[in-house]
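Fit chain B to the supplied structure of chain A, relying on the hints for placement.
First to last, the sequence lines map onto chains A and B.
Residues in the first sequence are numbered consecutively from 592, following our numbering.
Residues in the second sequence are numbered consecutively from 592, following our numbering.
No lab work stands behind these hints, which were simulated from the structure alone.
Hints may be right or wrong, so weigh each one.
Computed, partial: chain B to chain A, Cβ under 7 Å [unchecked claim]: (1) P655; (2) D753; (3) S1007; (4) L1009.
We treat Cβ as the ideally placed atom computed from N, Cα and C, and that holds for glycine.
2 protein chains.
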Amino acid sequence: MTSPSNQPSESPRPRVVIIGGGFGGLNAAQALRDAPVEITLLDRTNHHLFQPLLYQVATATLPPSDITAPLRSILRHQKNVTVLLGEASGIDVTHKTVQVKGQPDLPYDYLLVAAGARHSYFGHPEWEALAPGLKSIDDALEIRRRFLMAFEKAEEASDEEDRSRYLTFVIVGGGPTGVELAGIMIEIARQALREDFRRIDTARTHIILLEGGPRILPAFPDSLSLTAKKNLEDFGVEVRTGEMVTRIEPDAVWVGDERIGARTVFWAAGNAASPLAKSLGVPLDKAGRVEVNADLSVPGHPEIFVVGDLALVLQRGKPVPGVAQGAIQGGQTAAENIRRSLAGEARIPFRYFDKGNLATIGRDRGIADLRGLHLSGRLGWWLWLTVHILFLIGFRNRASVLLQWAISYLTYQRSSRLITHIDPPQGVPEAANTGP
Amino acid sequence: MTSPSNQPSESPRPRVVIIGGGFGGLNAAQALRDAPVEITLLDRTNHHLFQPLLYQVATATLPPSDITAPLRSILRHQKNVTVLLGEASGIDVTHKTVQVKGQPDLPYDYLLVAAGARHSYFGHPEWEALAPGLKSIDDALEIRRRFLMAFEKAEEASDEEDRSRYLTFVIVGGGPTGVELAGIMIEIARQALREDFRRIDTARTHIILLEGGPRILPAFPDSLSLTAKKNLEDFGVEVRTGEMVTRIEPDAVWVGDERIGARTVFWAAGNAASPLAKSLGVPLDKAGRVEVNADLSVPGHPEIFVVGDLALVLQRGKPVPGVAQGAIQGGQTAAENIRRSLAGEARIPFRYFDKGNLATIGRDRGIADLRGLHLSGRLGWWLWLTVHILFLIGFRNRASVLLQWAISYLTYQRSSRLITHIDPPQGVPEAANTGP
Chain A
592 MTSPSNQPSE SPRPRVVIIG GGFGGLNAAQ ALRDAPVEIT LLDRTNHHLF QPLLYQVATA
652 TLPPSDITAP LRSILRHQKN VTVLLGEASG IDVTHKTVQV KGQPDLPYDY LLVAAGARHS
712 YFGHPEWEAL APGLKSIDDA LEIRRRFLMA FEKAEEASDE EDRSRYLTFV IVGGGPTGVE
772 LAGIMIEIAR QALREDFRRI DTARTHIILL EGGPRILPAF PDSLSLTAKK NLEDFGVEVR
832 TGEMVTRIEP DAVWVGDERI GARTVFWAAG NAASPLAKSL GVPLDKAGRV EVNADLSVPG
892 HPEIFVVGDL ALVLQRGKPV PGVAQGAIQG GQTAAENIRR SLAGEARIPF RYFDKGNLAT
952 IGRDRGIADL RGLHLSGRLG WWLWLTVHIL FLIGFRNRAS VLLQWAISYL TYQRSSRLIT
1012 HIDPPQGVPE AANTGP
Chain B
592 MTSPSNQPSE SPRPRVVIIG GGFGGLNAAQ ALRDAPVEIT LLDRTNHHLF QPLLYQVATA
652 TLPPSDITAP LRSILRHQKN VTVLLGEASG IDVTHKTVQV KGQPDLPYDY LLVAAGARHS
712 YFGHPEWEAL APGLKSIDDA LEIRRRFLMA FEKAEEASDE EDRSRYLTFV IVGGGPTGVE
772 LAGIMIEIAR QALREDFRRI DTARTHIILL EGGPRILPAF PDSLSLTAKK NLEDFGVEVR
832 TGEMVTRIEP DAVWVGDERI GARTVFWAAG NAASPLAKSL GVPLDKAGRV EVNADLSVPG
892 HPEIFVVGDL ALVLQRGKPV PGVAQGAIQG GQTAAENIRR SLAGEARIPF RYFDKGNLAT
952 IGRDRGIADL RGLHLSGRLG WWLWLTVHIL FLIGFRNRAS VLLQWAISYL TYQRSSRLIT
1012 HIDPPQGVPE AANTGP
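Chain A with its partners taken away, still in its complex shape:
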């Protein structure tokens, strides 16, 4: 099998392979717009995903297409990029090729690995089927299905105990994803769904947010994280800090010796870097991340860069956080260093510029830490909305999200309460799927 990028001698231009079309990979490709290189951007999906709004897809507030854009379409005018749909299965650093499942190897002169992370279940991979996490659109649709099906099963349930287990949701992990899920889920249960059922009162829905550390949203200052906790509690969420999950069963979550009856559990705790990092043959940290050099290259391999959630970059002794801005800026710096190497210039070190930290807790409640300036409440919420609309890719997505949000805000209803693939996929146990 032959393909243009598979014939090393044909192209005089250096080949840059980018693994992953997320914030890091896409921004790197775009930063190489005018560089004399042939770029191949490889992704497992056909779209770039605006991950900060993924929880809104998982909670039926936005349709998946509002927060995604086809990679081909974003890059259609950039003629030095070929987009390839496929999954990287390994990297051969000696022969400088990327192995792709079911496709020919991709040779590279420069490689940028921006493959992101999946969830870490802290040594309990068997929990994944019972407590799905939220990284991709397929994940979000699965969470949406389980969230909506739980109310259907509660309506159908034959006894009070069973009904209560279907109306109890446990969210593990008090970072932004866990907090945002909890805040929006309680609102949907108590407002949007209230009149829709005849046998259950969805206002009795119980949402428990479990955080192992001493406080939720540890990336924020103490005072804001306290505000967030108070807001969640006002909405009716039970916030429990300093508590670790010890066991997950189809109808219960254990915290130490306490058994919490719950049919539906979502996982928003802990990252494990893509297993691709292992094939680089360099030291990884506990979370599986690559400890990169200051220029974001891999030790011993100046031609390989790692950015985003897969990279461990220390700055003033602290790791750069695994957020969109870190990946975007990392991608841009790696691209600039590729350009410099080609031009024979000295590379620059990565300097992460922290623009601030935002989170939304629920209707009219948000928090913002803007380099020391703290906002909360309605002001924080509006700031969050504005920033997220602005950063979305494409006019259509912005217009559509604005429309969905405006209608949801005014009517309290949710636009995407659609259960697709009602029959659960193979291998999913009966966690939230089967009745009594």
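Just chain B now, with coordinates in the frame of chain A:
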């Protein structure tokens, strides 16, 4: 297991069970708004589907949530309705109960069966996996996946013949669904996708519409059906009438002795009524439909009504067509007859009022037959758009569809080019899914 509707003696009000939340079932439930009955509306999905726009979901033009609305949400203020998510597996006409998979039986005093139809593969059920049809949102997502994946596979293909097989699409059936799919697919291939690929020219996409009868759109007058054919051919679709599929393989379709190399086949021919009809124990026609009485009740069972695609209703010697208007009006008449029976009044016969027939062929091309007034071209197209926006359920869906259409029309781009569940579901053969 007990549930309110399972305890016959508790409710003094007659129990009406409606199977199916499509046009027929939903309209019947709504028409019984003020009737002194307890209604249970049973559907396999949680949503009402606006089927006339389903082909736009299948072609990445609209997100699924724009043409669906949760049944619970539509009926939330109608307190005499309980919505139940579940699949009817049989009807016991002697004991007057509906069997529901994995749930208790539903006893009824009146039963309305509006379970619709699936596709008929004319004695070749094995074709279904190779040539999916378009009846549900899950069907539409599967067609969207295959349609978009075909271009990805073509871009990856190693030889010209294989590439051409991925760029050839065969649509079987020249009714409205087949025509609308063909018209929109050729536009997307030739316009929206054109700049997105590097190795293939999507303008070379070949779309073949096969119709077994002498002309496409047989429900329209001769002249309009000829206009539609001409429009499709202008767009670049190959329209072949009087040709029947004799065999479907993973990479080819046979028409008689001719082998057409094509990796992707869609099925838009022939209906087979829901198998539920069989459990009524009354005569069915060849398509599996129930030959109902003039009042839409089942012969010998005045308490059971059948409406929509599942019913064969003759009017002036001709069957009422299986279109939305037929189901809507049928549902309303059946509801009225239930109300009359309860009030001791005489039943009315069903009178189908044909409001007209519309179809869209592609950008700026539509046809309309309004009780003898024929429109085509841009006028027909605008009429089609207006009518479909007006008939959509809910302000949000209308606003969102309008926005998506406006942007698609102005930019030629498609908003929902999202491939979900990239790994094909279990049991799907390698039709459009595997590379060389």
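Hints versus structure:
1. Satisfaction of the interface hint for P655 of chain B is found here, the shortest Cβ-Cβ separation to chain A being roughly 6 Å, below the 7 Å cut-off.
2. Using the Cβ-Cβ criterion of 7 Å, the hint placing D753 of chain B at the interface with chain A is not satisfied: the shortest such distance is roughly 10 Å.
3. For S1007 of chain B, the interface hint holds, the least distance from its beta-carbon to any beta-carbon of chain A being 4 Å, beneath 7 Å.
4. Taking 7 Å as the C-beta cut-off, the interface hint given for L1009 of chain B holds, the closest approach to chain A being about 5 Å.
Comparing the model with each earlier hint shows a violation of hint 2 alone; every other hint is respected.
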